[in-house]
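**Q** This is what each chain is made of:
2 protein chains.
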Amino acid sequence: MAASFDSGYPPPLTSEQSDYLLSNIRDWSILNGLAVRPSSSFVSEKIDPSRSLALTAPVTLFPSLFPRVCFDEARAIQTAYNELYASIANDEEWLGEVVKELAEVDDFISNLWDVHQAVKKEGYVQDLSLGIFRSDYMVHKHPSNLDAKPEIKQVEFNTIASSFGGLSTKVSALHKHLLSISAYPPPTLPFISDSSLPPNPSISSISRGIAIAHKAYNRSRENTRLPLCTLFIVQDPENNAFDQHALATNLLTDHNILTFRLPFSTVLSHTHIPSDSPFRPLIYTPPHSPNTLYEVTTLYFRAGYSPAEYTSQDSWKARLHLERSAAIKCPSILTHLAGSKKIQQILATPSSPHLSSFLSSTSSAEYIGRIRDTFAAIYPLDDTPEGQYAISIATDADKARGYVLKPQREGGGNNIYGLKIPPFIKSLGNDSKKYRGHILMELIEPPALRNSIFRNGDVKSGEVIGELGVYGVCLWRHGRGQKEEGVILENWEAGHLLRTKGRESEEGGVAAGFGAVDSVCLIDV
Amino acid sequence: MAASFDSGYPPPLTSEQSDYLLSNIRDWSILNGLAVRPSSSFVSEKIDPSRSLALTAPVTLFPSLFPRVCFDEARAIQTAYNELYASIANDEEWLGEVVKELAEVDDFISNLWDVHQAVKKEGYVQDLSLGIFRSDYMVHKHPSNLDAKPEIKQVEFNTIASSFGGLSTKVSALHKHLLSISAYPPPTLPFISDSSLPPNPSISSISRGIAIAHKAYNRSRENTRLPLCTLFIVQDPENNAFDQHALATNLLTDHNILTFRLPFSTVLSHTHIPSDSPFRPLIYTPPHSPNTLYEVTTLYFRAGYSPAEYTSQDSWKARLHLERSAAIKCPSILTHLAGSKKIQQILATPSSPHLSSFLSSTSSAEYIGRIRDTFAAIYPLDDTPEGQYAISIATDADKARGYVLKPQREGGGNNIYGLKIPPFIKSLGNDSKKYRGHILMELIEPPALRNSIFRNGDVKSGEVIGELGVYGVCLWRHGRGQKEEGVILENWEAGHLLRTKGRESEEGGVAAGFGAVDSVCLIDV
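Chains as they are written, first to last, in UniProt numbering: chain G, 1 to 525; chain R, 1 to 525.
Just so you know, not all the hints are guaranteed correct.
[To be verified] In the SDA-like style, the derived pairs of lysine to any residue whose C-alpha atoms are separated by at most 25 Å in a straight line are:
id	chain 1	residue 1	chain 2	residue 2
1	G	K433	G	L347
2	G	K46	R	S461
3	R	K176	G	L228
4	R	K176	G	T253
5	R	K176	G	A211
6	G	K46	R	S15
7	R	K215	G	H177
8	G	K460	G	P446
9	R	K46	G	D19
No wet-lab data here; the hints were simulated from the structure.
Whenever a hint applies, use it, and build me the whole structure from the sequences.
**A** Given below as structure tokens:
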């Protein structure tokens, strides 16, 4: 079936059609845990002090059109991406060079590196590392070439706290359910069908990743007699907890693995490493059952990724404490660092040799080329020839139009778009350090799409932008020292996510309040 | 394992234990649709005009202790109960006599009978009838005989809108889940175990009942070419809709049967019976898709049972319209009438021959005796010897202590307990009609139990009373005329429900605001 983005999809709804669609979304979502806790601006703490209320997670009414060729390509290259980032995490020396360069503009990166150095000095006791990654893409259509085929361009690669895998399976199922109960009116039928809505096993596939780490730990451990558990290191409060609960429930029901949730801020109070054990097991003492100690096999971080979470020296102590333990980290500090923006920029700088060197031992030049094709050009603002080229663009209103300026620092926000770039650059004066604190990235030009977003009980319709995430699971053994290379033990593509936001909002992030979880409706374009 | 009711179950919880238990209840319930919409007194319409918020259904923190022998007996006799009520619904002549007697005190019953008479006059076109029943019991322990074994005594038998089958499977699963994540502290372990928490298939088993009716209709229908559906006739708004959604979802996923929800008040607007069809198919026109007509196979009433719902002549027109259609009714008017309190009273009057006569063709005297053992004695307040005996009790403060006076009218409420009975009788004066408007029922004396109820974010702990419901599904062919007897086609026990309320509240009813859904923790006493 050939269809195009501008064929009037989705159709307008009568008020009766809209009522039917929305009431089914409201009900099915709660029946199936596609839910969030309301923000305090929606329901005040006074009304619900125990935080018992929930509501439909922000979702789109329709699955968004997405080119099948782009979807297939994003999935096809995920295992190569997993391998790429595992290789980077294994190359401590190279990572160290990058961090050294960044240190002066980014304390956070530099503090993470210090944690790694401290554990390295003492000696790591766990050489297995688990990655639950998500590579995020937008569809790019060259604005001035109407015949150009759509391609995927990477927005970012997440190596820590890759979220929404728990809700994503469910929103795919929601849209299929709405199809099955005839909630999509006939004009949608050339688009929405069983074959255009692909299965999405993100919950089971990501959980299986945690399960294989758990089992690998179990095989390797010394003869302790404690019961085993995995720990989800979480933020508190967490409105998006149902996303995480879906994984924990799957671990229990499909793998018989017990999971506890531990707020990052309470790590030091409830875990310890026995001082007499060279293996350094991480022992968790549940507050509700202080006489039952658990040995932690796997630490799944859904917190600790944002500089704002490190509020005191104790936060860094906690991170060090976890890193030096025998638990398998998802991710390790080195894997966390591999996901920093700076790494993406280095790989995507047009003349960079690094992509090939990280993948050449296992991947063909053709395959490496396909990875490279997903990069939007990214430039440093420094003294290199690429940097000088970038500065010439960033200071020229006409050329800057197709670019975005991003801070090197982790933590999101503060992107400068298009025409706003030259005056911003001017405001930096001649401070080359401030220049180096930013990267310049080619703007991706996604096709114009329409959809409606249901959020906090309201519907907003209009032009939207979709961002496809593909999950990847990778378990590997870190190489230690110069001679020993890392070994990848497991590596698979693990489902996908579509997030959709109103075109007017420049910053993404569903939990941050701008977008919605969505599913793909594949079209052949 | 022998245990007793007074062994300190459930144990007190530390605040950490309580936090862990409650946070898991709050999260698991939303993840699995064990939910209700909040009442407007909890969340005002202003805050959530689209009614998108939901919260944990009222549940108990622990499964309540329940004697295994009582549980087994209640389940064992359910198919006999199903047959009993199907036989009553088939005996139109006998029902007519009962209604005639009631007519002067109960317009509602009399109006229902008129609907039946009108359809009978025209001729019924559907002779299949579906019952989804629930027989409710309390455990009774003779207060003055400490050695007496606990027995079950029937509170009522529901033939219409037997609710909570959708939540009941889930609360059983919730308590099992809490056990599996060690949320129940060690002192509970002599009680709570995998073997003391029985499986509860109410969702799948009740849905299967609707599915067999749907399929039976399909086999019998003339050659229409319309798509088929089942209709849930519902109240609007309905805070307990998730209970119903669980059944509708199961019908779709396990039986590929499409269900629509239709508020009772809108029946006449959205359904019709083609005037030219002698088969009288009920045609549903969904407001969201007015060009797609559906033929309704099965009408599942979750509304229309309370006099308060019949607000105008149109309500009765709607009920007549549905009854005369070819759709299989769950329940038919005659089945609805069979569930009236008066019938229960007639069966349970100690000298009554009716129980035996309804069951003697298929059941042994021993089996009939087991049914009779579940009756608490019920007396009319009339001129019969039983009636005179009852009046002598009701006017004597000392004897009345062990009784409850209930209005004959349907619709609940206004029960008069124990010591309050004699002054109430006095207030009736000498009006024998007002006397006949009531029945006197032996009070059931349930054992003292403790539990905690989580409701609207609050926990209340204390003495509670449990009420066990056993679901039954029955599909039968009505006998027409004097010679043709009814034939039971399907008959099974369909899961169970435990509802628990604070001992201080005299009226039951979870949705009404006093109680919670619970599950049984079986004990051998």
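**Q** Report the numbers of all earlier hints that the structure fails to satisfy, in ascending order.
**A** none
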